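Asker: Respectively, the protein sequence lines represent chains A and B. Letter 280 of the first sequence, counting from 1, is numbered 280 in UniProt numbering, and no numbers are missing. Letter 530 of the second sequence, counting from 1, is numbered 530 in UniProt numbering, and no numbers are missing.
No lab work stands behind these hints, which were simulated from the structure alone. Keep in mind that the hints are not guaranteed to be accurate.
One copy or any two copies: either way a pair holds, since identical chains are not told apart in the list.
As the list claims (entries may be wrong) - Computed list of lysine-lysine pairs in DSBU-like fashion (alpha-carbon distance at most 35 Å, straight line): (1) LYS411 - LYS329; (2) LYS90 - LYS371; (3) LYS47 - LYS294; (4) LYS109 - LYS371; (5) LYS47 - LYS179.
Quantities reported herein were computed from a predicted structural model and do not represent experimental measurements.
Protein chains: 2
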Amino acid sequence: MFRRSLKLLSKETITRVKPNTTIVQPITSSTTVINKNINTFENMQPKKSMTIDNICQNVRNAQYAVRGELVIRAESISHQLEKQKKEGSKVLPFDEIVYCNIGNPQQLKQKPLTFFRQVVSLTECPELLDNPYIEKIYPADVIARAREILGSINNTTGAYSSSQGISLVLKSVASFIEKRDGHPADPSEIFLTDGASTGVQRILKLLIKDRSDGIMIPIPQYPLYSATIELYNGSQLGYLLNEEKGWSLEVSELERSYNDAVAKGVNPRALVIINPGNPTGQCLDKANMEEVVKFCLNKGLVLLADEVYQENVYVKEDKPFISFKKVVKDMGGEYADLEMVSFHSVSKGFVGECGKRGGYMELNGITSDVKAEIYKLASIGLCPNVIGQLVVDLMVRPPTPGDSSYELYIKERDGIYDSLKKRANLLNKALNSLEGVTCNPSEGAMYAFPQIRLPKKAVEYAQSIGKAPDAYYCIQLLEHTGICVVPGSGFGQKDGTYHFRTTFLPSEEAIEGVCERIADFHKQFMNKYK
Amino acid sequence: MFRRSLKLLSKETITRVKPNTTIVQPITSSTTVINKNINTFENMQPKKSMTIDNICQNVRNAQYAVRGELVIRAESISHQLEKQKKEGSKVLPFDEIVYCNIGNPQQLKQKPLTFFRQVVSLTECPELLDNPYIEKIYPADVIARAREILGSINNTTGAYSSSQGISLVLKSVASFIEKRDGHPADPSEIFLTDGASTGVQRILKLLIKDRSDGIMIPIPQYPLYSATIELYNGSQLGYLLNEEKGWSLEVSELERSYNDAVAKGVNPRALVIINPGNPTGQCLDKANMEEVVKFCLNKGLVLLADEVYQENVYVKEDKPFISFKKVVKDMGGEYADLEMVSFHSVSKGFVGECGKRGGYMELNGITSDVKAEIYKLASIGLCPNVIGQLVVDLMVRPPTPGDSSYELYIKERDGIYDSLKKRANLLNKALNSLEGVTCNPSEGAMYAFPQIRLPKKAVEYAQSIGKAPDAYYCIQLLEHTGICVVPGSGFGQKDGTYHFRTTFLPSEEAIEGVCERIADFHKQFMNKYK
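Next up, chain A with everything else stripped away, as it sits in the complex:
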């Protein structure tokens, strides 16, 4: 049979391999070797139309380390552990994988907030409202809230909502922002999203035409940014956070990054600020934020304010969370209309409802015709999932004094917050006690990002097997302890430095053990390559 030759290919790799039998695709280097052998062997088979060389190369180039190689290896080890458990054998020196690669609190046993889940549960089954036992199951304020929500969504969570989001929830978000910032917020400037990620991706899609458009991102950064910029064929313009000064943000470095881009013919379109920082955990103070705002207005940059960790601030007395929305409105004048998009999420804070994929973005100073394009992008995806939208409503409108669920809510909220703060400090101390390791305090967010000064021999060995030295360290940590963290190279770091990111989300009972295992491994590793 005639098969059209793929004209556009410069290199035709023939790839026809058996479907992989594990759920998650292993893409470790060893698999690559195996595939290559199969390919050679199966050269006689008909060619495939879609190959790694002729798909969109931006997809191939994009990297997302938070769920990358390390995690795929961890999931594969996890299957081994299950098998080991069934067979009663014991080959691996640990019993379970501890996933510290991602801010996924409920995976590590953080309990959901009772009020939230009760409202969602009842909203899913409106006919329960007529059940005679209903008051024995749900508190009065849960029943009232479920009735209110159902009244606003045609009595069902099963219909597409408006693409911008449920009107009631948009209003709740606006009230929350007003109360938080002391400035008006307009529901028509808010879009609900499936987590914050979808919002970030939509705005980047809007801003990026091609490689001539650049987006300024912190280094280190959360790799959603670098991956999405690559997917949309834009230019990543890194600005370094100053590790020596607690990962501080310096305007001189923003200037340097901006000027470098312009010199290369790249047009900087937007500045991404993650506050509190991810993976770095630092919190910005107001003076610093004002400098950033001035810089953006001066340079004509859209400010993208990733504020998903706004409730995860552990130095509230010194550096309370301040939103960029508040800063621009406090500054007033032309600053008040700075073009800006702020992002928030139900996945973080003390809510931790990652699986719900709820979030919102607020526009500031964006023209109405550009906003119409954002609406269109949202409409192509139909609407954010309705339950995620409802969880946003619950996050921004929790029980208040006098409500039957109020006391429990406060107890649960404060319990989670206090425990996160305690674990942050504990992990920080443990990391700083290790040879050659320094770690800035986690003022906010859910992560520590220690610098590890690797022995020269370890660096050379890693390089000899084609691995980034910190990736090698992290793989060794995983294989010796079951603890899954992400190498600094996945976030970006100053040349010649090595880091990893770990969450401090294992439970209070577990985290001391995690610290001990990291310490033991680290000693062994350092001794081995001394």
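Starting from the known structure of chain A, fit chain B onto it as the hints suggest.
Answerer: Quick look at chain B alone, frame taken from chain A:
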């Protein structure tokens, strides 16, 4: 203050307008006029960095009529109606908007399946399992299913799952496909998605590098395809369905479309088939599907099989739904490994859980290294929402004989199906009785797509005000009756023909009234332009 000039702009439109105060952005032509006036007036204000002319023009060019101009106008009228209701006045000749623009059954009062909602409700609140009243609220099989699901997700719906999806659900989907097709299905080839749309968008992202890559889509088509191809800067290669022969799919037309593309230097990468058709409602027979498969293999095209309406087939005796997966496996040999991705969703069928954003795609014959890239794209979005995933599980694994919920499930399922079939026939008959209107039978899906032969004067008038003639007809219909449908131009149609798409989702009580109102309006419209 110095403001960098936007070098890359060919035309600098200065747009600085007050934030719009309605939730949904009106982008009607009248608004544009207003904005332009404001722009002129505010020429003195500082320039905006992000303007309609310097954003990614693919976004600007993309069109998604299903939630486009008509719907935005409908939502604006809906606000007027609310106001009218409050004030007790009566200006508009109808009381409510009937949204026939989109397949959103629960918006039009289709009841959700009780078993599905009970399981989700209980899964959200695991502590209810210990409540002494629980058996008075939920049937035994609901409790058992909730326990099973919770056991597979670490007892919480609030954690990110694997990016590919929850292992239990992947296995359920594979079993469902095996049973449906009589051929093995492999959970590792399945990806859960937020509705089918997310899956379609990921695969198109993979296939499209630039304008030199073309995707073959039916005309008329569901505009997710045209919009996404434009967003990713690919080429849309239309092939016409034959309206005279019941929207049949003809391989000669596929050949024509393919050859035209190649002659223009465009490389066709994939063929999209929507079966049952959207907006056209036709169902393919097996012989026709085999031709399509041969065509794809012969031309080296990836087959994208949009099968979200597989349960919406109203001619089961003559043309039962057959999946492309079954066809390629039945054909065997080299056909069995055709590169193909099939899509399914919880939004359609008798489930109709649009707001849940649940779906899956199954890969066939895709190489493992390309699959690893699909996995990476999924991981950048973290994971599909967990509740949507659970609804997929319920869809593919409903109650079985002997389960306490079985009888109710069957009653509800058959009730919805029978009613949809009845309404399809009713609407079809009503449309065909109108002057100058012909409508092929809706063999499947949720839509009728009648051709309307508009009077010459109506066509000329519409063109004189810069409107597509069918869009003008639909706006008039909306403004006179409150019925919101989508013009054929939003889906594509043969030059010189005009259509609209309407769902047949209004309830049985409502649909006769809808038909009457369309008939009355149509008569008036035809008389006016006679």
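Asker: Decide, hint by hint, whether the structure agrees.
Answerer: Outcome of the hint check:
{"no.": "1", "hint": "LYS411 - LYS329", "result": "within (33 Å within a copy, 57 Å between copies)"}
{"no.": "2", "hint": "LYS90 - LYS371", "result": "between (58 Å within a copy, 32 Å between copies)"}
{"no.": "3", "hint": "LYS47 - LYS294", "result": "between (56 Å within a copy, 15 Å between copies)"}
{"no.": "4", "hint": "LYS109 - LYS371", "result": "between (40 Å within a copy, 31 Å between copies)"}
{"no.": "5", "hint": "LYS47 - LYS179", "result": "between (61 Å within a copy, 30 Å between copies)"}
Hint compliance for this structure: every hint is met.
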